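Participant: Could you build the full structure based on these sequences and the hints that come with them?
Okay, here's what each chain looks like letter by letter:
There are 2 protein chains.
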Amino acid sequence: MGKNITLAHGSGGKLTRDLIEGVLLPKFRNAALEPLGDAASLPFDGERLHFTTDSFVVKPLEFPGGDIGKLAVCGTINDLAVSGARPLWLSCGLIIEENLPLELLERILDSIAKTASEAGVSVVCGDTKVVERGGADGLFINTAGIGAPLENFRQSAIQPGDKVIVNGTIGDHEAAIFRAREKLGRQMVLNSDCAPLHELVASMVDAAGGGVRVMRDPTRGGVGAVLNELANGSKCSFTIQEDDIPIRNEVRGICELVGFDVMYLANEGKVVCVVSDGAAGAVLDAMRAHPLGRDAAIIGELTDDTRERVYLASGFGGRRIVSLPTGGQLPRIC
Amino acid sequence: MGKNITLAHGSGGKLTRDLIEGVLLPKFRNAALEPLGDAASLPFDGERLHFTTDSFVVKPLEFPGGDIGKLAVCGTINDLAVSGARPLWLSCGLIIEENLPLELLERILDSIAKTASEAGVSVVCGDTKVVERGGADGLFINTAGIGAPLENFRQSAIQPGDKVIVNGTIGDHEAAIFRAREKLGRQMVLNSDCAPLHELVASMVDAAGGGVRVMRDPTRGGVGAVLNELANGSKCSFTIQEDDIPIRNEVRGICELVGFDVMYLANEGKVVCVVSDGAAGAVLDAMRAHPLGRDAAIIGELTDDTRERVYLASGFGGRRIVSLPTGGQLPRIC
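Protein chains in written order, with the working numbering: chain A, 1 to 334; chain B, 1 to 334.
Don't read these hints as lab results, they were simulated from the structure.
Mixed in with the good hints, there may be bad ones.
Where chains are identical, the list cannot tell them apart; a pair therefore holds if satisfied intra-copy or between any two copies.
To be verified - When the alpha-carbon atoms are kept at most 30 Å apart in a straight line, the in silico DSS-like pairs for lysine-lysine are as follows: (1) Lys235 / Lys114; (2) Lys59 / Lys235; (3) Lys114 / Lys14; (4) Lys14 / Lys235; (5) Lys183 / Lys235; (6) Lys27 / Lys14; (7) Lys114 / Lys27; (8) Lys183 / Lys3; (9) Lys235 / Lys27; (10) Lys59 / Lys3; (11) Lys114 / Lys3.
Model, not experiment: these values are computed from the prediction.
Facilitator: Below, the structure is given as C-alpha cells:
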C-alpha cells in the first residue's frame, strides 16, 4: 500500500525536511536549488539576482495584525531579505474559490497593494484562477519575488562565540492565528507580527561591517526549526538562554494553556541572525533603533559542540535539547 | 448585497477581463504591469529580464498528453517565450491536499523535472504547503519564471496586411481535458497539445528578421480571446479564414457533439503570431521545419477596420463576428 501526504508534511518540521530532501531535491538537483536557502542566487548578465516563491493558505483569511494579502507580500519580501537581497518585484497568483465575496477579495487586494507600496516593491505580474465551490478554501495566494544582491552572507564563516540575535518577541503570528480560530480571550490584544523586514535587515548589514554570517526568517517550525537547520548546515551547536528570549505574556499564556512550545511557533516578522561576536553589539544597537527591532535581543551563541544540537539553557541551570519538530502545532498558519 | 466571484471570472473571457482591468489593475498600477502582457519586462542592471507567473488547477491531475506538472512547466515557459524571452529559471509552489498519494505526487514531480530538463530550464526554488482534506482538490501548482530578452516584439508596428499564423491544430488541450473528464469515445486518440514552445518561437524570430509584431499563447479563452485582445490593443480588426484553421477531426467532432466553439477552446502548445506580410512565408517555413509547427498555417490577416473586431469568414462567403467569450466552456482546464 502506498503512502499518502499528511498535514505534517507541510509543517516545516522533520516530515517537511524528509519530503524536500528525500523526494523533491533528488528530482530537481541543481546548484541554485541545492543550498535550500530562503531564495536562490542566480547569475544574470554579470550580476546576480535572487529568486524565491511562497504559497499562502492561511486560515482565517483576515486575522489580528494582518491578512493573507499582507502575509503574501511580507513572506516573499522576507525570504529575499534574509537571503541578503533587496526585494524589487513580486508576482501574485490567486486561486479563488467560487463564491468568495468580491468585497473580501478587494480588501485583500488593497492590503497587497498597500503592503507592497509601503515596502517599495512592485507587483509586476499576476494570474487568477477560480475553482468551483469546495475545490479550494476561500483564497490561496502565491507570490514569487526577485531581488538584487545587498550582501553576500557566508554561513561557512560561522565560528564558536558567534551570537544569535532575534529582532523581538517570538511566536506572535502562530499564537494570534490560534487565538483568532479558537476565539479565546476576547479582551486579549494579540496581533500577528507580520511585517516586511528588508529595511531592518539593510540596517543590520550596514552596522555589521561584514559580520553577519547568516539570517533566516523563522516561519513554519519557528526559531527551533531554523536553529536546527543552521546547526545541521554548519556542523555546530547552539546554546540559547531561555530567559533572554523575548516572549509576550499573552503568547506565554497560550503556550501554557494549550501546551505549545514557543520555540516552534511560527513568526512572520522576525529574523534570526548569526553574527560575529565582534559585530553583535553594533548590530543589536542598529536593530533597536528600527521600529521592527525595538525588542531585539541576543538570545544565545554558537558552540564548538559538533553534534549539531540546539540547547535551551534555563535560568535555573537546567538544559534541554530543542530538536527539529516532527509535526506542526497548527496547520495553515501561513 | 455584495457580489461574489463566479467560475466565469476565471474563464479567460469577458468577466476575467473585467476583474483584471476593473479590480486588480487599478490597485497595482505600474509601468511593468500595465501592458498586461504574458510576462513583465523589467530593467535589471542595464539589461532587461522577463518575469511571469501562473497557477495550475487542472482537473484531472493526469490527462492524455500530459499532467499538471508538465502543464505548469510548459505554461510558464510559453508565457516567457511569447513575450520575446528565452526562459531560464522556474520557481515551483505546491499546494497539496492532505491524503494525496505520495506515488501520484512523485509521478507529477518527475514530470516537472523531465519537462524542465528537456526544455533546458532549471527549477531553482520552491515551496510546499499542505491543507487539510477538503481544503483543496488534490494538488495545485504555481510556477513563476524568469527569462532573458530574445527579441523586442513591437505590437505598435502592426499594420493592415499583416498575417496571423498558428503553429498547428487548435482546441486540442481543452477537448482532451473534456474527453478525459466525461470518459467519452474510449477508442478516440486525443492528446493535449501541452508542449514548451520556446525553441519554436526562437526559430520563428530567427526567420522573421524583425517581422514579428506580437505573439500570444491562446490558453484560456482560446484563439478567439487572444485575437480580440490583440484587436483591442491595436485598434484594428482581423479577418480569419475558417477553412484555413487547422482543426483535428476529433476536436471538430466534440465541438459538434457538445456545442463548443473551437475558437474559444484552450490550447497549451500553440502560439498565435502576427507577422509582417513580407516575413510571413519565411516564418511559416521555419515553423513547419520544427516538430511543434508541422501543421502551421496562415489563418487570416489584419484589416484597417478600426472597430476592433474579429471576423470569421466561411468558405461559402459568410462572415460572423467572434466576440470575446463571456464565460469559459469548462472550468479548471489549466
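Participant: What are the numbers of the hints that this structure violates, sorted from low to high?
Facilitator: 1, 2 and 5
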